[in-house]
Structure formats: structure tokens, C-alpha cells
Amino acid sequence: MALARILVVEDDMVISMHIRGMLTSTGYSVCGKASSGREAIDKAGDMRPDLVLMDIILQESMDGIAAAQYIHASYNIPIVFLSGCADSETLKRARAIGHFAYLTKPFTDRELDSAIKMTLNKYGVEGQRKDQEKAGTP
Amino acid sequence: MSLRNKAIIMICVVFAAALVLTFVVSQTVLMKRFAGLERENTRQNTERAVSALYKDFDSMNITFDSTSFDTGSFYWVQDENGTHMEIRMDGPSFVVMGLNFIVYTMPGLPPMGIGFDLQTAQPIPLPVGFAEELARSDNPLSVSPQIDSSSPTGILVLPETTLLVQSFPININTGYGNIQGRTVFARFLDATEMGKLAEQTHLSLALYRWDDSEMPADFLAVQSRLSDEAPVVTQPLNKDTVAGYGLLKDVYGNPAMTIRADMPRDIYHQGQQTVYWLIAYLAAAFVGFALVVIILMNRVILSRLLGLSKGVDSVRETGDLTERVAVQGKDELSRLGGAINGMLGSLEGSQRELAEREAEKRALLNAIPDLMFRVGEDGTILDARATEGDGPATTEGRAADGKAYQESLQYKALSAEVIHRGLPLVRQALQTRETQMFEIQVPLNGDTAYYEARVAASSKNEALVMVRDITEKKHEEEARRRGLLLKEIHHRVKNNLQVVSSLLYLQSTRVSDKNVIEMFKESSNRVQSMSLIHQKLYQSKDAESIDFASYVHDLTGTLLRSYGVDQSAVKVMLNVDGAGLGMDSALPCGLIINELVSNSLKHAFPRGRRGEVRIIVTRDEGDRIKLVVADNGVGIPGHLDLQNAESLGLQLVVNLVDQLRGTITLNREAGMEFTIAFREARGVSPIDRQQGEYEYSVTSLSGGGNGNGIGPNSGS
Numbered sequence: 000m001a002l003a004r005i006l007v008v009e010d011d012m013v014i015s016m017h018i019r020g021m022l023t024s025t026g027y028s029v030c031g032k033a034s035s036g037r038e039a040i041d042k043a044g045d046m047r048p049d050l051v052l053m054d055i056i057l058q059e060s061m062d063g064i065a066a067a068q069y070i071h072a073s074y075n076i077p078i079v080f081l082s083g084c085a086d087s088e089t090l091k092r093a094r095a096i097g098h099f100a101y102l103t104k105p106f107t108d109r110e111l112d113s114a115i116k117m118t119l120n121k122y123g124v125e126g127q128r129k130d131q132e133k134a135g136t137p
Numbered sequence: 000m001s002l003r004n005k006a007i008i009m010i011c012v013v014f015a016a017a018l019v020l021t022f023v024v025s026q027t028v029l030m031k032r033f034a035g036l037e038r039e040n041t042r043q044n045t046e047r048a049v050s051a052l053y054k055d056f057d058s059m060n061i062t063f064d065s066t067s068f069d070t071g072s073f074y075w076v077q078d079e080n081g082t083h084m085e086i087r088m089d090g091p092s093f094v095v096m097g098l099n100f101i102v103y104t105m106p107g108l109p110p111m112g113i114g115f116d117l118q119t120a121q122p123i124p125l126p127v128g129f130a131e132e133l134a135r136s137d138n139p140l141s142v143s144p145q146i147d148s149s150s151p152t153g154i155l156v157l158p159e160t161t162l163l164v165q166s167f168p169i170n171i172n173t174g175y176g177n178i179q180g181r182t183v184f185a186r187f188l189d190a191t192e193m194g195k196l197a198e199q200t201h202l203s204l205a206l207y208r209w210d211d212s213e214m215p216a217d218f219l220a221v222q223s224r225l226s227d228e229a230p231v232v233t234q235p236l237n238k239d240t241v242a243g244y245g246l247l248k249d250v251y252g253n254p255a256m257t258i259r260a261d262m263p264r265d266i267y268h269q270g271q272q273t274v275y276w277l278i279a280y281l282a283a284a285f286v287g288f289a290l291v292v293i294i295l296m297n298r299v300i301l302s303r304l305l306g307l308s309k310g311v312d313s314v315r316e317t318g319d320l321t322e323r324v325a326v327q328g329k330d331e332l333s334r335l336g337g338a339i340n341g342m343l344g345s346l347e348g349s350q351r352e353l354a355e356r357e358a359e360k361r362a363l364l365n366a367i368p369d370l371m372f373r374v375g376e377d378g379t380i381l382d383a384r385a386t387e388g389d390g391p392a393t394t395e396g397r398a399a400d401g402k403a404y405q406e407s408l409q410y411k412a413l414s415a416e417v418i419h420r421g422l423p424l425v426r427q428a429l430q431t432r433e434t435q436m437f438e439i440q441v442p443l444n445g446d447t448a449y450y451e452a453r454v455a456a457s458s459k460n461e462a463l464v465m466v467r468d469i470t471e472k473k474h475e476e477e478a479r480r481r482g483l484l485l486k487e488i489h490h491r492v493k494n495n496l497q498v499v500s501s502l503l504y505l506q507s508t509r510v511s512d513k514n515v516i517e518m519f520k521e522s523s524n525r526v527q528s529m530s531l532i533h534q535k536l537y538q539s540k541d542a543e544s545i546d547f548a549s550y551v552h553d554l555t556g557t558l559l560r561s562y563g564v565d566q567s568a569v570k571v572m573l574n575v576d577g578a579g580l581g582m583d584s585a586l587p588c589g590l591i592i593n594e595l596v597s598n599s600l601k602h603a604f605p606r607g608r609r610g611e612v613r614i615i616v617t618r619d620e621g622d623r624i625k626l627v628v629a630d631n632g633v634g635i636p637g638h639l640d641l642q643n644a645e646s647l648g649l650q651l652v653v654n655l656v657d658q659l660r661g662t663i664t665l666n667r668e669a670g671m672e673f674t675i676a677f678r679e680a681r682g683v684s685p686i687d688r689q690q691g692e693y694e695y696s697v698t699s700l701s702g703g704g705n706g707n708g709i710g711p712n713s714g715s
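As given, the protein sequences belong to chains A and B, one line each in that order.
Mapping to numbering that gives the first Met the number 0: the first sequence position 60 is 59, numbers consecutive.
Mapping to numbering that gives the first Met the number 0: the second sequence position 702 is 701, numbers consecutive.
Since the hints were derived computationally from the structure, they do not count as laboratory data.
Model, not experiment: these values are computed from the prediction.
The reader is advised that the hints may include incorrect statements.
With the C-beta cut set under 10 Å, the calculated list includes, among others, these residues of chain A facing chain B [stated by the list, open to error]: (1) D11; (2) I14; (3) S15; (4) M16; (5) H17; (6) S28; (7) E38; (8) G83; (9) R109; (10) A114; (11) N120.
Backbone N, C-alpha and C fix where the C-beta goes; we use that ideal spot for every residue, glycine too.
Taking the hints into account, I'd like the entire structure generated from these sequences.
So, in C-alpha cells, the structure goes:
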């Protein structure tokens, strides 16, 4: 199985580096990085990664959840949310997009790995089911 | 004037007018009737007097016949030329006959006669002009008996006297031959005659010649009214006497004299008296009627009406709308009473309703905690109202009443501010009719009180300023802002520590020495443990203390994952007091736990040894906190001296316990058990220690608003 290609969206570049380092050392391929929602949407469209690691709080007006909603709706790419704080309102908005993982900073490389694996597996199953549903319709 | 007096006066006036009318009518009608009677009576009496006058001659006629006056009573001598004639008659004959003169008239001869004064019994000459009058051919007294044998009677007016005369025809044969002529008897129509007549008729009589120049005025007045058609007229002389005037004609048929008969006015007086009695009886009857009418009217109408009026007056005076007027009988008055009672009833209801509404309004007003000022256009405070009861605190204690309140420092400060800052807004409110608002800051009791003032135009040139104490709200707002700011700071600190942790991680990926990597990892964990404190502070309610149980749970979880501990082999047992822990204690405490748990996880369970790590945090009533970190692993080497340990972790622990001014003991009996005891430093938060700096930041915040981008979600 080829290495999963991951797009990292994080506005703090040191933390972005950290995450990318962890991903690489854990065995994923980082296909790109973005620091804003707009950039994330553009890069997701260009690169079509297998998964997007999305920080919720971004510096520009569009936050991570809005960007994730667009990416998921447009390109059907699964999302793993990252956030320093997880209040119930934010979680509710994140859940509304789909059943994706939600990681609270700080996290270890193992936590990151398991979250990505779980999401990819789940998405694979869901993706297959969706494909079947599409095939079943005349 | 009362209604009763008016009614009495009205009734009296009506009856008096009726009485006067009756009097006037009866006076007019009855007295006219009586006057007619009196006139008739007077006329009859006067006629009686006139006829009595003429009656005398009738008696004279009789005397003349009976005495055979022809030859025996007189002699008459006629000389040859027939010019002389003599009457022979003695005194007693005159007296018997009551005559004064006897005159003979012969055709062709001058009249001849004699006179006799009955009073003096002396002969008197014929009056002047008598003979001439008898000699007149048209004198009926001298008409020849052959032509007229009647005996005419009449009055003869002579220049000096007036005579009653009668002539008789003479046609006899005597020694002297056939004598033809007339005998004329005459009597003085004078006072004596009148006295006799008066005596005879029982009347008071007076007689004046028609041409008398000294005639009294009343004779003159009636002279024009006397005529052939009205030979008698009557005229009241005064209130006691009435006079009847009769016209006497002379022998020629010309008016000769006026006779007046005076009579007492008996009929008139009787009539007058009758009228008076009638009026007296009527007056008595009217008074009786009036009394009955007044009494009836009083009983049936007036007293009841006055009763109603008194009832209404009483209600008006006492203001007691529960009173009712008395209602008697079944007529318009009792219906009026009923209507008044009905009105009183509805008034009472309205008053009660009004009072209830007033009470509601007052309660509403009292419920408004605001101070109120009534301010004029020129900036004078017309009125002020402090809240009742629980007034605002002043330096002199709580204001008991409005006056005391106006003495208070707060009132003085507020009223000055209301005038100073509020006056432009008062004018604006009066101009625009829109409510204006402004805030007042007043130093009070060494603190600052905040007020919010609303200015509303209440009339054309007055505004109501309602001042509300918003100090508490301000403080809450400030606390909220401060909380938000603190959270933001904690968030940023946490993020920065995250970055430090990431830097350490990135650096560690550049080395290959496992010990060095381990050191980086430990350092990273220490930073993480501090970062977690800030995250918990950021997530806490007040941003000043954290839920230590949650913190310890997350911290141990992070450590277990960090060291890749098989959680089925090594269990972590937590028993942490749920009370909040201040940042001053939480940070060193968190680092201590980090070091001791890391130590246990690294060394206590080598080669898959099973066991557990226990963390117990308890707090006694005196804020003394006991932290126990223990494991049942391989234990610590016996030579280890805590105070002189070589490892950085233990040195950190010992020093952090010092920072907490606490104690640390190590129990090595089963594994290891560290017990740390310390007293939490309370009441002094880092915020409070940096009050001045904090206030500065609040000031700058409130000055610039939220536009500078500081907010809870603006960073990551």
C-alpha cells in the first residue's frame, strides 16, 4: 500500500514543522502545507491528498471547520481536526461535517498515527459504501 | 337663601298678591256699587228737598182757598182813574199764611201790595224790582185770569232778593164792581226759609242764586252739569259728606238757583267697612291657606329635598363615598335619591379602582431603584427622589428619608454631575423629544461608583433624569473582560509553550544519541505539563484556578502515551480532591507530579513488570494540601538522598517543594511513596499582584474598544 498523502493545515509554522516531522517519522507522506483556509482549499483541489490535517483556529476569516466543510464537500477528502481548545460548540460544528477524528493539542505521534489510521479506515469503508450506493442507482 | 325660605317667600308673595288683587277688585266693584247707591240716595234726598220747597206753596194755596180771600181779607180802593189800590191785611194773617208779601195785579194798573217781616212783625215795602217784574207782560204770574186761570208757582229772582211766588186768579164782583186780576203771594227764599226746610226734611241745605258771584267753588263746579235733563247731580264733598245739587228755575223757566243738600256718607262708609271686613276675612283665610300649603309642601317636597341635599353635602364634607342618602316613598324624589345613591355607588367603585391603580403605580414607582431628578431647562433641580427604604449607601450611613438623602455626599456629587454633564442632554432631549443617556463616575468612599443616567423630556421645559447605580454591573463587566483577557493570555502562553515543545521535538530529530533524545523528551514533557496548566486555566471559569483532578488526569494520560506505557500492565490510580487550585500552587505541583510520575514510569516497572502508580491529592480544612505520588514498583536505591540527588528531576522536585514552602518525605517500604505537604497561598492571584498594570490594560481596552483584534478566538 502506497504511503497516504497528507495535507497539513496549520498557521503556526513551528507546530506545522513538528506535525510534518511526526508524520514523516511515523510513515506518512506530507504532500503539502497550508496556513489559511483559502490556501488549504486551493491545495486540496490541486493535490487531492488522501487526508487533511486541519487546525481549527486559523488566522484569517475562514476557520478550519469552514475550510474542511468545503474540501470535504468538493473533493470528498477525509479530515482530522487539530485544536488547542475543544469547546462543545466547536465540536458540534466539526461533527456536523462528518465522523472525523478530533485531536487535542498536545498530542503524541502515536495519537496522531492512530487518529489518521482510524479515519482512513472508516473513510475507506464509508467511501466504499457510497460507491456501492452510487453503483446501485440506475 | 335656602330653598325652604324661597318657597315660603314665594307662597307668601302669591297669597299677598291675591289678597291685594281681591282688595282692589272688591274696592272697585263694591265701592262703585255703593257709590251708585249713595248717588241715588243723595239724588232722592235732594229731590225731596226740592219738592219740599214747592210743597210750601201747595199749603199756601189751601190757606188761600179756605180763608175766602176775595173780599173779607182786603180792601182795595181804586180811585177814579183806577191808579190806586190798597191792601188791607193785618200781621197775623201773614204769620198764619207764612207770607212776606201780597201783591195784586190788575190789567192796566200798576201792581200794588204790602209786605210784612215775620221776624220783626213790622210792615216792609215791596222789594226793589218786584213790581216791575209783575208788570212784565210775559210774566206768567200776571196773566189775566180770563186767559189762564191756573195758579202758577215759581221763583222770582229780584236784584236784591229772591222770592218764592204763587199767583191766584181773582174774578169777583165786589162793591167796587167786578174785579179781575191776580193775587200774588211771595215769601223770602232766604236762610230762614231754608232753615225751616232743613228742619222739615232733616237735611242740611244751602241755597245760592244762579248768578251769585260769591258762589262757593263746588256750586260753580256743578253748575255746568245741571240742566233740564239732569236737574239733580251729586258730588262727594269729602270722605264724610256727600252733596246733592238741585236746579231751581224761575217763573220764566230759566235757571234761578242751586240748592245743595248735604248728607253724611253712611252708605259709603258702610260699603268701605264691608270691604274692609271682607278683606280681613279673606286675609285670615289666605294666611290659613298659605300655612297649609307651606306645611304640606315642606312635608311632601322640601324636607325630603333638603334631606337629599344634606346627604350629598355630608358625602362631600366627609369624602366618604360609602355613605348613602335616605330614600322614602315612591315618587320622583325617591327616584332621585335612588339615582344619587346609584351614582355614589359607581363613584365609590371608581374611587376604589383609582386607589388600587394608584397603589399599583406607587408600587411600580417604588420598585424602580433609580434616583430621579426633575430638571428644568435652565439647569435647576426642581425635585429629586431617592429610592424608598433601601437607599444607596453614603458616608453617613443609609439615607432614611429624602431630606437626609439630599444631605448625603452621593446626592451632592450626583446632582452636580447631573447638572454639569446632563444639562446639554436635557436640552437635547427637550429639543428632540428622544431619551438621552450618559454615564456618571463618582468617587465614593474611596471607590468609584458608576451611574447610568437617562434623560427624558417630561414636559415642554422639564426633563426627568433617572439615575441608576450600575457599579455592580460595571464591576461584573470588568471582571468578565478581565476573565476574557486572562483566558486569552493563557491561550497564548499555552500556544507558545506548544511551540517550545515543538522546537524541542524538532531539535531532537537532529540528534542520534538516545540519552540526548531522552533529555529532549523529558524537557518537552516538562513544557507540556506547564502548557497543560495554561490550557486548564484557559478552559476554567475564572481563569485563575484550575480543576486539579482533570489536570492530573490529562497529565498522566499524556505521560503514559509519551513513554509508551502498556496500560494493561501499569495502571494509574487517581484520587484527587476536586477543589480548584490556584496557579501559584498548580504550576509547581504539576511539575512535581510530572517528574515523580515520569520517574515511576521510567524506572519502577522494568521489563514489563506489572503494577500501579497512585496519585492522591487531599486537602484538609486548613487549606493544607497533601500530595502523594507512589508506585509499587522496584523501588528506589537505598543510598538515594533526596536533598543531594543527582538527577535533574528529583532536584526539580525538591526545589519546587521549597517554592511551595512545603515538606517532602519518602517512604521506601513498598516501592516508593513520596508525600508532599504544603499550604496553598490563597487570595493573592498574579492578577492582583499586578493590579496597576492590569488596570492600565483595561483602560486602554475600554478606550479603543475591541477593534484591536484581541478576542478569545483570534489566536491559535
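* Ascending list of hint numbers which this structure does not respect -> As far as the earlier hints go, 6, 7, 10, 11 are violated by this structure, in ascending order.
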